[in-house]
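Number of protein chains: 2
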Amino acid sequence: MSAELKLAAFELAERAKVAARQLLRRDRRQLVLDAADVVEKRAAGILGANQVDLAHASDQPAAFIDRLRLDEKRLRAMAAAMREVAALPDPVGEVVESYARPNGLRVERVRAPLGVVLMIYESRPNVTAEAAALCLRSGNAALLRGGSEALQTNSAIAACFPEDAVQLVSPDRALLDELLQLHEQIDLCIPRGGPSLIRFVAERARVPVIKHYQGVCHLYVAADADLAMASRIAVNAKAQRPGVCNALECLLVDVGRAPEALPRLAAALRGAGVELRCDERALPLVAGGVPAMEDDFGREFLDLKLAVAVVDGIDGALRHIARYGSRHTESIVTRDAQLAQRFLNEVDASCVLWNASTRFNDGGELGLGAEIGISTSKLHAYGPMGLRELTCTRYVVRGDGQVRT
Amino acid sequence: MSAELKLAAFELAERAKVAARQLLRRDRRQLVLDAADVVEKRAAGILGANQVDLAHASDQPAAFIDRLRLDEKRLRAMAAAMREVAALPDPVGEVVESYARPNGLRVERVRAPLGVVLMIYESRPNVTAEAAALCLRSGNAALLRGGSEALQTNSAIAACFPEDAVQLVSPDRALLDELLQLHEQIDLCIPRGGPSLIRFVAERARVPVIKHYQGVCHLYVAADADLAMASRIAVNAKAQRPGVCNALECLLVDVGRAPEALPRLAAALRGAGVELRCDERALPLVAGGVPAMEDDFGREFLDLKLAVAVVDGIDGALRHIARYGSRHTESIVTRDAQLAQRFLNEVDASCVLWNASTRFNDGGELGLGAEIGISTSKLHAYGPMGLRELTCTRYVVRGDGQVRT
Numbered sequence: 450m451s452a453e454l455k456l457a458a459f460e461l462a463e464r465a466k467v468a469a470r471q472l473l474r475r476d477r478r479q480l481v482l483d484a485a486d487v488v489e490k491r492a493a494g495i496l497g498a499n500q501v502d503l504a505h506a507s508d509q510p511a512a513f514i515d516r517l518r519l520d521e522k523r524l525r526a527m528a529a530a531m532r533e534v535a536a537l538p539d540p541v542g543e544v545v546e547s548y549a550r551p552n553g554l555r556v557e558r559v560r561a562p563l564g565v566v567l568m569i570y571e572s573r574p575n576v577t578a579e580a581a582a583l584c585l586r587s588g589n590a591a592l593l594r595g596g597s598e599a600l601q602t603n604s605a606i607a608a609c610f611p612e613d614a615v616q617l618v619s620p621d622r623a624l625l626d627e628l629l630q631l632h633e634q635i636d637l638c639i640p641r642g643g644p645s646l647i648r649f650v651a652e653r654a655r656v657p658v659i660k661h662y663q664g665v666c667h668l669y670v671a672a673d674a675d676l677a678m679a680s681r682i683a684v685n686a687k688a689q690r691p692g693v694c695n696a697l698e699c700l701l702v703d704v705g706r707a708p709e710a711l712p713r714l715a716a717a718l719r720g721a722g723v724e725l726r727c728d729e730r731a732l733p734l735v736a737g738g739v740p741a742m743e744d745d746f747g748r749e750f751l752d753l754k755l756a757v758a759v760v761d762g763i764d765g766a767l768r769h770i771a772r773y774g775s776r777h778t779e780s781i782v783t784r785d786a787q788l789a790q791r792f793l794n795e796v797d798a799s800c801v802l803w804n805a806s807t808r809f810n811d812g813g814e815l816g817l818g819a820e821i822g823i824s825t826s827k828l829h830a831y832g833p834m835g836l837r838e839l840t841c842t843r844y845v846v847r848g849d850g851q852v853r854t
Numbered sequence: 450m451s452a453e454l455k456l457a458a459f460e461l462a463e464r465a466k467v468a469a470r471q472l473l474r475r476d477r478r479q480l481v482l483d484a485a486d487v488v489e490k491r492a493a494g495i496l497g498a499n500q501v502d503l504a505h506a507s508d509q510p511a512a513f514i515d516r517l518r519l520d521e522k523r524l525r526a527m528a529a530a531m532r533e534v535a536a537l538p539d540p541v542g543e544v545v546e547s548y549a550r551p552n553g554l555r556v557e558r559v560r561a562p563l564g565v566v567l568m569i570y571e572s573r574p575n576v577t578a579e580a581a582a583l584c585l586r587s588g589n590a591a592l593l594r595g596g597s598e599a600l601q602t603n604s605a606i607a608a609c610f611p612e613d614a615v616q617l618v619s620p621d622r623a624l625l626d627e628l629l630q631l632h633e634q635i636d637l638c639i640p641r642g643g644p645s646l647i648r649f650v651a652e653r654a655r656v657p658v659i660k661h662y663q664g665v666c667h668l669y670v671a672a673d674a675d676l677a678m679a680s681r682i683a684v685n686a687k688a689q690r691p692g693v694c695n696a697l698e699c700l701l702v703d704v705g706r707a708p709e710a711l712p713r714l715a716a717a718l719r720g721a722g723v724e725l726r727c728d729e730r731a732l733p734l735v736a737g738g739v740p741a742m743e744d745d746f747g748r749e750f751l752d753l754k755l756a757v758a759v760v761d762g763i764d765g766a767l768r769h770i771a772r773y774g775s776r777h778t779e780s781i782v783t784r785d786a787q788l789a790q791r792f793l794n795e796v797d798a799s800c801v802l803w804n805a806s807t808r809f810n811d812g813g814e815l816g817l818g819a820e821i822g823i824s825t826s827k828l829h830a831y832g833p834m835g836l837r838e839l840t841c842t843r844y845v846v847r848g849d850g851q852v853r854t
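Going down the list, the protein sequences come from chains F and S. Using the working numbering, the letters of the first sequence map in sequence onto residues 450 to 854. Using the working numbering, the letters of the second sequence map in sequence onto residues 450 to 854.
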């Protein structure tokens with residue numbers, strides 16, 4: 450571990466820490482609006498940088514190149530998303546709670562920025578703009594560590610924001626390793642990416658980490674379910690966008706209704722092009738189904754594939770989800786309010802739904818305005834993280850000379 | 450690392466995890482009340498176990514033995530504290546936020562237990578009872594890892610609670626090391642103790658940790674301060690109970706008022722038996738003061754010793770605190786509301802006070818009812834942690850068949 454790298458990481462993080470303190474006194478909405486203007490002004494430069502990244506990626510698959518590519522339209526959408534973040538209400542300074550104590554002390558809990566946020570991601574360059582806007586709007590300095598494939602594009606975008614408050618970090622694992630030790634400078638690390646990246650971060654970090662792990666989402670069709678509704682929800686949850694974390698990965702059907710429900714659900718899902726991987730009890734009821742492998746349960750397919758199992762009532766469903774779920778999103782279809790309530794209470798997931806598609810666990814859909822990701826960590830933020838989740842609350846106490854007796 | 454130890458840790462934590470799921474359906478208030486009754490019924494057994502621990506500690510200092518010792522009166526106080534925790538409102542199920550989306554989905558954010566809490570502590574046996582009561586009342590299973598000096602007493606107390614839901618963990622560093630890896634079973638670790646314990650935990654843990662570090666608390670006396678108030682607050686903050694984390698460790702006096710203020714503050718503090726360790730500018734103004742050593746700033750004395758410095762206005766005070774504070778508790782004395790507001794906004798600490806003693810950063814004093822500790826971590830909980838801070842919020846969504854378009 451080189452001393453030079455250690456020093457580089459320290460200086461980077463220390464600059465961010467100083468910038469975070471200065472942000473407390475600046476107009477953070479205006480800073481984001483200004484950055485959006487700069488993005489549009491520098492459109493040609495950003496698109497040029499993107500061409501350089503694209504040239505290096507020419508032997509990659511088409512989907513990869515599509516994610517990486519920017520054009521005029523995507524750039525305008527990026528600036529528009531930044532302006533939407535600027536327009537959101539300021540979470541900083543919000544008084545969450547306020548009361549007086551018998552001795553006259555006036556106590557408030559007030560939202561404050563976390564300080565310095567280290568964001569690790571691998572996806573599209575617009576994440577750079579959105580994460581920077583979300584951090585800045587909530588008063589946090591951002592260290593952005595995107596993937597090497599988008600380095601030139603990300604640099605050009607990050608340079609549109611105030612320097613020090615938004616810094617792009619070179620995609621070097623040894624440097625990341627050093628940054629993850631700096632718990633005096635960095636208040637939060639958000640890793641978004643594959644399980645191996647998140648494991649790397651979780652194993653090494655001495656800074657607090659909010660993990661954004663995969664979604665192994667289940668839909669439990671209870672014995673009394675409206676089957677038309679169940680089919681509609683299953684098809685939407687699985688097939689509308691199979692590659693995302695709130696897509697359905699496993700269908701659980703109650704044993705009491707399976708003979709009627711499964712053929713109907715299976716027909717609808719197969720009609721949407723979904724391959725059905727069935728456990729022993731489901732297989733005979735699913736025309737065209739294939740036997741599930743051992744590891745198909747608990748698996749995030751991110752594809753038009755679905756695990757299917759028959760379960761023994763609500764207890765069977767809860768046991769299955771406790772064993773195979775990833776605490777992301779779980780849904781039940783039933784007409785029975787009491788049964789639904791038990792599911793909603795006892796399933797441990799960042800978002801639990803009754804008679805609705807798993808696809809709704811999303812910052813935009815839940816009304817947060819924008820999100821920096823969906824946390825599967827239970828501490829601090831559980832579920833979609835918006836501006837509010839990038840703050841903490843502090844106690845602010847006003848007195849007139851009170852001392853403790 | 451022995452396979453047997455790994456397995457023992459896994460089984461322990463897995464039992465806690467299963468118990469936590471069962472707690473969701475039990476009357477948690479009643480469980481705590483029942484445990485309080487059992488503590489009283491088993492008084493003789495607990496005091497007998499305490500005699501065994503005391504016999505082993507006979508060569509320890511008197512203060513150590515006093516902390517370890519239980520008697521009838523302390524036991525009754527312990528049971529009373531448990532009943533107070535039982536009487537607190539249930540945080541679980543609290544609807545924090547509730548709204549409808551344009552598509553008719555009804556969204557709630559609802560409090561749920563974290564799951565399994567691993568508490569590490571070294572202090573008095575009553576912490577065992579209080580931590581167990583707080584965890585149980587908030588629906589969490591507790592793994593309690595107290596110090597070896599109190600092992601027999603802690604075992605007897607922990608056995609008054611439902612087994613599996615409250616387990617005492619043997620004080621063995623290798624076992625702790627294994628437990629800290631079990632991020633699938635353990636949702637939160639709270640280490641309370643010396644910096645070396647907390648560092649050990651922070652370095653090894655793969656489970657989320659909320660740190661309860663030391664308090665290096667400052668009082669800034671502004672140029673316009675009411676000096677009678679400032680003296681009263683300084684003496685209370687430093688001398689009322691010097692050994693605790695919200696005690697004052699450093700006095701900052703504005704350069705514009707120092708010639709008048711310092712002699713007066715110093716006289717009051719010396720009158721309370723406080724040794725004053727002064728920087729170069731403070732020393733000539735403090736009769737009987739001694740020169741501060743380099744490391745007296747940023748130091749948690751936990752004793753009748755106080756670092757004293759002259760600072761250049763609010764900016765000097767903010768710089769000093771940013772450099773030497775520990776994010777615990779910071780206070781300002783001033784008549785100027787604008788100046789106070791700047792201090793309250795820009796100082797980063799779990800509790801910031803205006804015209805009040807630092808001693809008020811305490812769960813009981815701030816009205817939380819009871820506390821499991823004071824967090825200096827910014828994520829999840831910042832400041833005193835009560836029942837609410839032992840929960841997370843989840844999204845609960847109710848629909849009538851909505852799918853995403």
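A couple of the hints might just be wrong.
[To be verified] Here are the in silico distance ranges between beta carbons for each label pair:
#, chain 1, residue 1, chain 2, residue 2, range
1, F, 786, S, 622, 47 to 53 Å
2, S, 633, F, 786, 42 to 48 Å
3, S, 460, F, 545, 36 to 42 Å
[Unchecked claim] A few chain F positions that, by computed beta-carbon distances, are all more than 12 Å from chain S:
#, residue
4, 518
5, 642
6, 815
7, 851
Note that these hints are calculated values from the structure, not bench results. None of these values were measured; they are calculated from a predicted model. Just so you know, even glycine gets a beta-carbon here, dropped at the ideal spot from N, CA and C.
### Query
Beyond 12 Å from chain S, beta-carbon-wise, is residue 851 of chain F?
Contrary to the label, residue 851 of chain F does not stay out of reach of chain S, its closest Cβ about 5 Å off (not over 12 Å).
### Task
Go ahead and decide if the range 42 to 48 Å is satisfied by the Cβ distance of residue 633 of chain S to residue 786 of chain F.
32 Å, violated
### Message
Is the claim that residue 642 of chain F lies outside the interface with chain S correct, judged by CB distances over 12 Å?
### Response
Residue 642 of chain F is indeed farther than 12 Å from all Cβ atoms of chain S, at 18 Å.
### Query
Quick one: are residue 786 of chain F and residue 622 of chain S within 47 to 53 Å, going by C-beta?
Roughly 50 Å apart at Cβ, these two residues keep to the hinted range, so it holds.
### chain S versus residue 815 of chain F - minimum CB to CB distance exceeding 12 Å, so not interface
6 Å, violated
### Query
Okay, residue 460 of chain S versus residue 545 of chain F on CB: inside 36 to 42 Å?
Once the Cβ atoms are compared, 40 Å apart, the range 36 to 42 Å for residue 545 of chain F and residue 460 of chain S holds.
### Task
Classify the label on residue 518 of chain F as holds or violated, using whether its beta-carbon is more than 12 Å from each beta-carbon of chain S.
Answer for residue 518 of chain F: holds, closest chain S Cβ roughly 25 Å.
When held up to the earlier numbered hints, the structure conflicts with 2, 6, 7 and fits the remainder.
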